[in-house]
Amino acid sequence: MLKYVARRILQMIPVFFGVTIVLFILRAPGVLPGDPIEMLTGDRVISETTYNQLVSKHGLDQPLTTQYVTYMKNLARGDLGQSYKKNRSVTEIFVEKYPYTARLALAAILIEVVIGIGVGIISAVKRYSFWDVAGTLSTSILVSLPVFWLGMLMQILFGVYFKKWGLPYLPISGMGNPPDLAHLILPAITLASVSTAYVARIMRSQMIDVSQQDYIRTAEAKGLSGGAVVRRHSLKNALIPVVTFIGIDLGAMLAGAILTETVFNWPGIGYEIYLAIIARDWPIVTGGVVIVVIAYMFINLLVDISYAFLDPRIRYGGEAA
Amino acid sequence: MSNRFRSTIAIVLAIALVASLAALGGCTNSEDNTEGTTGDTEGAVKGGTLSQFIVEPFAITPTLAYESEGIYIVSALFDSLVEYDPITSEIGPAAAESWSANEDASVWTFKIRQGAKFHNGTEVKAGDFKYAWERMLDPEMASEISYHLLSVKGATEMLDGAATELEGVKALDDYTLEVTLVEPYPDFELVVGHPCLGPLPKDAVEADPKFDENLVGNGPFKMAEPWAHDQYVKVVRNDDYYGDEPNVDGIEFKIFKDAETAFLEFEAGNLDFTEIPAGRLGDVTAKYGASPDGYTGNPDEQVLTGPELGIYYANINNTKPPFDNVKVREAICLAINRQAISDALFDGSRKPADSVSPAGILGYEPGMWPESRYDVAAAKDALEAAGYPGGEGFPTIKLLFNSGSYHDQVWQLVQADLKTIGINSELESVEWAVYKDKLKKKEFDIARYGWVYDYPIMENALYALFYSTSADNQSYYASAEYDAQVKKARNTLDLQERLAGMRDAEKILGKDMPVAPIMFYSHFDLTSSRVNNFRYSPMNIPDYSHCWIAE
Amino acid sequence: MSNSDHKHKIDLEQIAETVEEQVAYGLEIQGPVRPTRTLWRDTLRRLRKNKLAVVGLIWISLVVVMAVTADLWVTPLLGDPIALDTTKVAEQRLKPPSWEHPFGTDNLGRDVAARVVYGAQVSLRVGILAVAISVFLGLFFGAIAGFYGGLSDTLVMRLADVFFAFPYILFAIAMIAILGPSETNVFIAIGILGWPSIARVFRSSILSVKENEYVDAARALGASDVRILSRHILPNAAAPIIVYATMSIGGAILSEAALSFLGMGVQLPQPSWGNMLADARSMMVVAPWLMIWPGFAILTTVLAFVLMGDGLRDALDVKMKD
Numbered sequence: 007m008l009k010y011v012a013r014r015i016l017q018m019i020p021v022f023f024g025v026t027i028v029l030f031i032l033r034a035p036g037v038l039p040g041d042p043i044e045m046l047t048g049d050r051v052i053s054e055t056t057y058n059q060l061v062s063k064h065g066l067d068q069p070l071t072t073q074y075v076t077y078m079k080n081l082a083r084g085d086l087g088q089s090y091k092k093n094r095s096v097t098e099i100f101v102e103k104y105p106y107t108a109r110l111a112l113a114a115i116l117i118e119v120v121i122g123i124g125v126g127i128i129s130a131v132k133r134y135s136f137w138d139v140a141g142t143l144s145t146s147i148l149v150s151l152p153v154f155w156l157g158m159l160m161q162i163l164f165g166v167y168f169k170k171w172g173l174p175y176l177p178i179s180g181m182g183n184p185p186d187l188a189h190l191i192l193p194a195i196t197l198a199s200v201s202t203a204y205v206a207r208i209m210r211s212q213m214i215d216v217s218q219q220d221y222i223r224t225a226e227a228k229g230l231s232g233g234a235v236v237r238r239h240s241l242k243n244a245l246i247p248v249v250t251f252i253g254i255d256l257g258a259m260l261a262g263a264i265l266t267e268t269v270f271n272w273p274g275i276g277y278e279i280y281l282a283i284i285a286r287d288w289p290i291v292t293g294g295v296v297i298v299v300i301a302y303m304f305i306n307l308l309v310d311i312s313y314a315f316l317d318p319r320i321r322y323g324g325e326a327a
Numbered sequence: 078m079s080n081r082f083r084s085t086i087a088i089v090l091a092i093a094l095v096a097s098l099a100a101l102g103g104c105t106n107s108e109d110n111t112e113g114t115t116g117d118t119e120g121a122v123k124g125g126t127l128s129q130f131i132v133e134p135f136a137i138t139p140t141l142a143y144e145s146e147g148i149y150i151v152s153a154l155f156d157s158l159v160e161y162d163p164i165t166s167e168i169g170p171a172a173a174e175s176w177s178a179n180e181d182a183s184v185w186t187f188k189i190r191q192g193a194k195f196h197n198g199t200e201v202k203a204g205d206f207k208y209a210w211e212r213m214l215d216p217e218m219a220s221e222i223s224y225h226l227l228s229v230k231g232a233t234e235m236l237d238g239a240a241t242e243l244e245g246v247k248a249l250d251d252y253t254l255e256v257t258l259v260e261p262y263p264d265f266e267l268v269v270g271h272p273c274l275g276p277l278p279k280d281a282v283e284a285d286p287k288f289d290e291n292l293v294g295n296g297p298f299k300m301a302e303p304w305a306h307d308q309y310v311k312v313v314r315n316d317d318y319y320g321d322e323p324n325v326d327g328i329e330f331k332i333f334k335d336a337e338t339a340f341l342e343f344e345a346g347n348l349d350f351t352e353i354p355a356g357r358l359g360d361v362t363a364k365y366g367a368s369p370d371g372y373t374g375n376p377d378e379q380v381l382t383g384p385e386l387g388i389y390y391a392n393i394n395n396t397k398p399p400f401d402n403v404k405v406r407e408a409i410c411l412a413i414n415r416q417a418i419s420d421a422l423f424d425g426s427r428k429p430a431d432s433v434s435p436a437g438i439l440g441y442e443p444g445m446w447p448e449s450r451y452d453v454a455a456a457k458d459a460l461e462a463a464g465y466p467g468g469e470g471f472p473t474i475k476l477l478f479n480s481g482s483y484h485d486q487v488w489q490l491v492q493a494d495l496k497t498i499g500i501n502s503e504l505e506s507v508e509w510a511v512y513k514d515k516l517k518k519k520e521f522d523i524a525r526y527g528w529v530y531d532y533p534i535m536e537n538a539l540y541a542l543f544y545s546t547s548a549d550n551q552s553y554y555a556s557a558e559y560d561a562q563v564k565k566a567r568n569t570l571d572l573q574e575r576l577a578g579m580r581d582a583e584k585i586l587g588k589d590m591p592v593a594p595i596m597f598y599s600h601f602d603l604t605s606s607r608v609n610n611f612r613y614s615p616m617n618i619p620d621y622s623h624c625w626i627a628e
Numbered sequence: 009m010s011n012s013d014h015k016h017k018i019d020l021e022q023i024a025e026t027v028e029e030q031v032a033y034g035l036e037i038q039g040p041v042r043p044t045r046t047l048w049r050d051t052l053r054r055l056r057k058n059k060l061a062v063v064g065l066i067w068i069s070l071v072v073v074m075a076v077t078a079d080l081w082v083t084p085l086l087g088d089p090i091a092l093d094t095t096k097v098a099e100q101r102l103k104p105p106s107w108e109h110p111f112g113t114d115n116l117g118r119d120v121a122a123r124v125v126y127g128a129q130v131s132l133r134v135g136i137l138a139v140a141i142s143v144f145l146g147l148f149f150g151a152i153a154g155f156y157g158g159l160s161d162t163l164v165m166r167l168a169d170v171f172f173a174f175p176y177i178l179f180a181i182a183m184i185a186i187l188g189p190s191e192t193n194v195f196i197a198i199g200i201l202g203w204p205s206i207a208r209v210f211r212s213s214i215l216s217v218k219e220n221e222y223v224d225a226a227r228a229l230g231a232s233d234v235r236i237l238s239r240h241i242l243p244n245a246a247a248p249i250i251v252y253a254t255m256s257i258g259g260a261i262l263s264e265a266a267l268s269f270l271g272m273g274v275q276l277p278q279p280s281w282g283n284m285l286a287d288a289r290s291m292m293v294v295a296p297w298l299m300i301w302p303g304f305a306i307l308t309t310v311l312a313f314v315l316m317g318d319g320l321r322d323a324l325d326v327k328m329k330d
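Protein chains in written order, with our numbering: chain A, 7 to 327; chain B, 78 to 628; chain C, 9 to 330.
Just so you know, these hints were derived from the structure itself, not from any lab. We put the CB at the ideal spot given by N, CA and C, even for glycine. Please note that the accuracy of each hint is not assured.
[To be verified] Distance condition first, Cα-Cα at most 27 Å in a straight line; then the derived DSSO-like pairs of lysine-lysine:
| hint | chain 1 | residue 1 | chain 2 | residue 2 |
| --- | --- | --- | --- | --- |
| 1 | A | LYS132 | C | LYS96 |
| 2 | B | LYS496 | A | LYS91 |
| 3 | B | LYS279 | A | LYS63 |
| 4 | B | LYS496 | C | LYS57 |
| 5 | A | LYS63 | B | LYS517 |
| 6 | C | LYS103 | A | LYS169 |
| 7 | C | LYS103 | B | LYS496 |
[Unchecked claim] DEER-style ranges, computed between Cβ atoms:
| hint | chain 1 | residue 1 | chain 2 | residue 2 | range |
| --- | --- | --- | --- | --- | --- |
| 8 | A | LYS79 | C | TRP48 | 42 to 50 Å |
| 9 | B | LYS475 | C | TRP48 | 43 to 51 Å |
| 10 | A | ILE191 | C | THR192 | 50 to 58 Å |
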């Protein structure tokens, strides 16, 4: 097991360097059109003197390789650099933003777990019933919905029209001040929509698969009631891929949710990184993606390790690539 | 043009005339004769927090703020030497009680108000202005708005790192600030009215490494807590303020990603002041009522559409054939249906531009650009005269703009207009970074361009946008005749002569048509039904002191 | 699928890297069976019995026919989707649905129905071309990884990991920023970002059949690598790749819509469902029809591809057949 973990961590290293190199290629002059320093002003054009001052202030007069080495050295010390555009340190920006993103992601995961698994179980247990068909069809619809459209539809219905009709309505943007639950509802549903559908689909097919396995048939033959079979056997085994999915989905959600954040004005890191790409604010882009990728890889690792505990059939040999 | 508007100009003219003549004569203004207006404050009540939409600003410190959202906050927290009247843009005293200039307007002396205090209780002194201005010019700060001070002697040296002190600014004593300029500049008194040229308390700045996010100013409001990035900036009433005490307890600048979301929040009843999305004026006005003067918001008179000092135009690349041909530029100028753009996107509220200088500015006169009008037949003739009858042989051109906002709608309309006279074009909607890059590298045919005035003077745009060596001249127009005329007008002492000189310069532009003016900006904003006497100036600075909230 | 903000990188195949693991989880969606004529006929028969898949297929055909024939009937019947008469914009804009304009008119007075139909052209082009690029690159890299193994396998799989580790939409945005926003660049970017999934599917297929006797036999007879791959391995791996590609078309359509919604996609005045939704956002309260129809078009078209993909998967699923 330890050997496996060590090997997985070793595997992460080239991926991590690959990602940082890609990020620095983006910075290279001529790759992306647009000059980060010119971006610092509005319609006004920056003066030559100020331009040069800003270039040297942000170290952009160094060769790209030197910039990369400096960056990696600083990164090793936990220093992500200073934003060009924001006059703040990148660490500070993400320390502030990460909890907002995590808040939204966890709320979405909660919806995914409760509704996704629930719908999946009902569909599988009542296979071919009305509920199964309804469940399958609605999950297909959910995976086909553009999330930003779903968000817009909910905003107009629950925010604008409900208010117009004198019904209890929901806030449609921001986190609330101080942050509250009401502001979380619509963005969390929007963000969770697609994943919930996936969870339900995986759950259903796993339950059906597992129920066709011999040991479940044996259990049934031994006279265990349907409910008990579901509880004791199918559920546990069917859950493994679902847990995997949710784990990795959490990793992806912690990378921020640009579309949901855009529609709901949520101050998360996805939109932050998106704006930084637009503004060519490389320290934020690089720092943000580095954080996100580390989180993603770490959660992936945890998921993989958790297999071993959940499913004794899996052994990690040295062979798997 | 409406009567209201004409009378506004008349008032501006008259008052500015008096003020300038007084200043030039060497006598001093006193507080009494230039008392700013406060609007209709009958029935004003105290209390309540005003909430206003902004997008996340780059900076809220006067040293660095360049966008309007940053300047809103700066203007609430700081008082400059003089201030502009929220409706007429006429200047009156603020941190300076009075001021005067020498014979040729190259040395200015400001008398600082005694007893006025910073939010931390220390008194505002002449040296605090010198400190703030030097901070703006400090190469370490690399402030993009240091251009405000370039007319001051020694500013360029400081920016270049050749000097550590601003030679032209002296605190003769605690209450006397003397400013020496590079050359005579009679409009300098208007420059120092910019909200970002207020004083800074040196001790507080040096004590707090995060000062720029938790500011200490001298204005009617003070920070309630440090800037909560991407969420809000909260300011509260400064009870120690020397001037009229604000009615509202405070202002919450709520940060949204875009005006669309903010507008939804407004409709949900959670904002007091926001922008109207393009194309929505008609239904919004029907619902909330128009403000009679276009600048003052009151219940049921909530829609503000007063003209701003700003212009939106088609920036033509004067260095690139076939646009180096004045007849081609003339054809483009004549082809654009400006009224249709205004009608379609702004319900007719934005005035079609007939020059670069907007109709609301001192010295404007209609007809300075005879060809800045919509005339398809004349446009076709001009194109033919240029050697492209019916557009034959004319290359397919690109219309460049930064994506977002209403630009894509405007340029789809311009594209259709150009097609009518036989010019085929493609839209090139790019990110801001790419847009700026292409302008700088002259890699464009025609580009969207906008200009909002820093000070209410014609010269602000005429010099910056068209003087051949100005950094902001991105149509790359270069005319020795024009340069000489602008420079001459700029240094002219007599106000009327100066304005006439500026008009002559503008007429040279009208003849050369380096760009195609499209429309003058106007407010497109909305106040909530609980807000009274909220005045939003043509320079986009709200008057937070005299509005009140009635629940 | 890339519907959500984050790409769902973990299509089932990816949870487990090796075939053995896939079998262990019951994730295997294909078997090493040579698709013969009988198999395809069987598949078709089973597909026909799947009502949802048939509905999907009919809808896709309908959209394709409408998009392909658009030039013939849209302008005379509904109005020009792009051209504008600036003198008439003010009176024609934002008209609610009527007989003349069944979906209403947009902010500049153009017929929304006409724009939705032309938007279908964009969505189908982007969807199909993007997936074609993904499949091409995926087969190439999957073959290198699965067939040769060793160092090339490691390199390809680590490269795929880099692609997976990057947040999907951000990667797409960065690519569009490099290439410049245009329809062509949108499908190129989406296509390039899609290869790792296909490569993984193909790689596991190769691993599962590589050691089979007929492959050995072919090798013993001196068949070239390319021949073995194209004649013996590819046909066996075709089923999962077809299923995956069908579903990916829906995903690519959603990605195009998302990028255009963010202003990084198809350029105006060319209509795309995504940029129509971006336009509709500020008009949401006064002109809800502007956002209803493009969204509905995306939903139904993507759904049709998903149902088709589901149907194909079930029909081709060898294990379930047994």
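Outcome of the hint check:
{"no.": "1", "hint": "LYS132/A - LYS96/C", "verdict": "violated, 59 Å"}
{"no.": "2", "hint": "LYS496/B - LYS91/A", "verdict": "violated, 40 Å"}
{"no.": "3", "hint": "LYS279/B - LYS63/A", "verdict": "holds, 23 Å"}
{"no.": "4", "hint": "LYS496/B - LYS57/C", "verdict": "violated, 53 Å"}
{"no.": "5", "hint": "LYS63/A - LYS517/B", "verdict": "holds, 22 Å"}
{"no.": "6", "hint": "LYS103/C - LYS169/A", "verdict": "holds, 25 Å"}
{"no.": "7", "hint": "LYS103/C - LYS496/B", "verdict": "holds, 25 Å"}
{"no.": "8", "hint": "LYS79/A - TRP48/C: 42 to 50 Å", "verdict": "violated, 59 Å"}
{"no.": "9", "hint": "LYS475/B - TRP48/C: 43 to 51 Å", "verdict": "holds, 50 Å"}
{"no.": "10", "hint": "ILE191/A - THR192/C: 50 to 58 Å", "verdict": "violated, 40 Å"}
Violated hints, listed in ascending order, are 1, 2, 4, 8 and 10; each of the other numbered hints is respected by the structure.
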